[in-house]
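Novice: In order, the protein sequences belong to chains S and R. Using the working numbering, read the first sequence as starting at 1 and increasing by one per residue. Using the working numbering, read the second sequence as starting at 1 and increasing by one per residue.
Simulated from the structure, these hints should not be mistaken for lab results. Errors might be hidden in some of the hints.
Put simply, identical chains are the same to the list, so a pair is met inside one copy or across any two.
To be verified - Computed cross-link-like contacts, DSSO-like style, restricted to lysine-lysine with a CA-CA straight-line distance of at most 27 Å: (1) Lys-47 / Lys-125; (2) Lys-53 / Lys-2; (3) Lys-169 / Lys-47; (4) Lys-149 / Lys-169; (5) Lys-47 / Lys-168; (6) Lys-168 / Lys-149; (7) Lys-125 / Lys-10; (8) Lys-2 / Lys-169; (9) Lys-122 / Lys-140; (10) Lys-47 / Lys-10.
Source: prediction; values computed, not measured.
Protein chains: 2
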Amino acid sequence: LKSETVFAGKDITLRRDTVQLPSGEPFEHDIAERPEEITVIPQISEKELIMVKQFRRGVQEILLELPGGKISAGERAEEAARRELEEETGYQAGEMRELREIFFAPGWSTIKKTFFLARELKAAKNPHPADLDENIEVVKLTFEEALAKAESGEIKDAKSILGLSLVKKFFASS
Amino acid sequence: LKSETVFAGKDITLRRDTVQLPSGEPFEHDIAERPEEITVIPQISEKELIMVKQFRRGVQEILLELPGGKISAGERAEEAARRELEEETGYQAGEMRELREIFFAPGWSTIKKTFFLARELKAAKNPHPADLDENIEVVKLTFEEALAKAESGEIKDAKSILGLSLVKKFFASS
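Given only the sequences and the hints, what does the whole structure look like? Please build it.
Specialist: This is the structure we're talking about:
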C-alpha cells in the first residue's frame, strides 16, 4: 500500500512498508536497509588462513571472525573484498574468487553478503589504513583449527562459520 | 561517551552509541536492536525434515527456509521454538533440543539466534494460528535433498544453511 523511510542513519535506513493482509486490514513492517557486504576467506598456505579479532559493538564482545565489511557506493563487490582484506589484515590477494551470495535476515533486512576466497596473498607495502574506529588483531591459524573453533563455539558469528563451510575443498587436510 | 535511542519501531530499535577513538575524536555507531530469535530444525523421520516456503519482505523473494521467529517478551527460547514450530508448520515436538546460539550481525546489531532440533513430531489438533501477515507453505524433504539445495543456492539464507550444518549427525544417510 505504501513504503516510507522512517529513519535515515549513517549505515542503516529504516523503511516502513504498509501491506494489505488477505483480510483487507493494513499491516506495517519495518525493514532495515543496509549496504551490501562482503566476507573474505584469506588462504595464506595450503593448510592455513587469516582471521581477525576485534571488539564488536553490536554484541559488546571481542570476536574472532573472517574479515569483511560494507561495499562502498560505486564499488564492485570484488573491489570491496580487496580493500577490506588489505585494511583489516595488511595483505593483498593475487586471486580473489567469488563463491556465492547469502541472505542474512530476509524477514526484516535487505542484508546480503558475498563470499570470496582470497589466495596468492602477500603483505602490502603500504597497506590502506584501517577505518578510524577499528582496532584489529590479525590471527593466522590452520583450517582445521578454525573448524574446531567453529564447532566448539569459540567462533560465534554466522558469516565466519558459513564462510569456513564454503571452502573446505580448497584446503589440504593434515 | 553516550548512548541514545534514535528510533523505536515495532520490532527494531535503533541505538546510536558515541565512542571516543584513540585519537580522542568522537565516533558514532548505529546499532539495530532486535528481539532474540530462534530457528528450528524439525526432524520428522530418520531421513526427513520440514521446511517452510514464504514471501520474505526484506529481500522481496519467496524463500525455502527453516522455521523460526522472534522470542516474545517473557517467553523462554524453548517456548518460542515450540510456538513458532506449531504456528508455521502445524506440528508439535515431543523433544526440543537446544543446539547453540549464533550471532548474525555482530558489527551493527544485537541479533542472535538460538538453534533447536525438534523431534517426535506430531500434527497439532488445533494448531496455533500463524501470524496475520504470514502465508506459509510446509515442505517435507529428505535431509540429503535439503543439503543439496543449500549447496546449489536454492536455499539462500544463512540461518537455514547453518541450521542444516548443525544437525548432520542426527539424520541417517541413505
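Novice: Against each hint, give a clear statement of whether it holds in the structure.
Specialist: We went through each hint and held it up to the structure:
no. : hint              : verdict
1   : Lys-47 / Lys-125  : within (25 Å within a copy, 53 Å between copies)
2   : Lys-53 / Lys-2    : between (42 Å within a copy, 25 Å between copies)
3   : Lys-169 / Lys-47  : both (11 Å within a copy, 25 Å between copies)
4   : Lys-149 / Lys-169 : both (18 Å within a copy, 18 Å between copies)
5   : Lys-47 / Lys-168  : both (10 Å within a copy, 24 Å between copies)
6   : Lys-168 / Lys-149 : both (15 Å within a copy, 18 Å between copies)
7   : Lys-125 / Lys-10  : neither (32 Å within a copy, 49 Å between copies)
8   : Lys-2 / Lys-169   : neither (46 Å within a copy, 46 Å between copies)
9   : Lys-122 / Lys-140 : within (14 Å within a copy, 48 Å between copies)
10  : Lys-47 / Lys-10   : neither (39 Å within a copy, 47 Å between copies)
Consistency note: the structure conflicts with the earlier hints numbered 7, 8 and 10.
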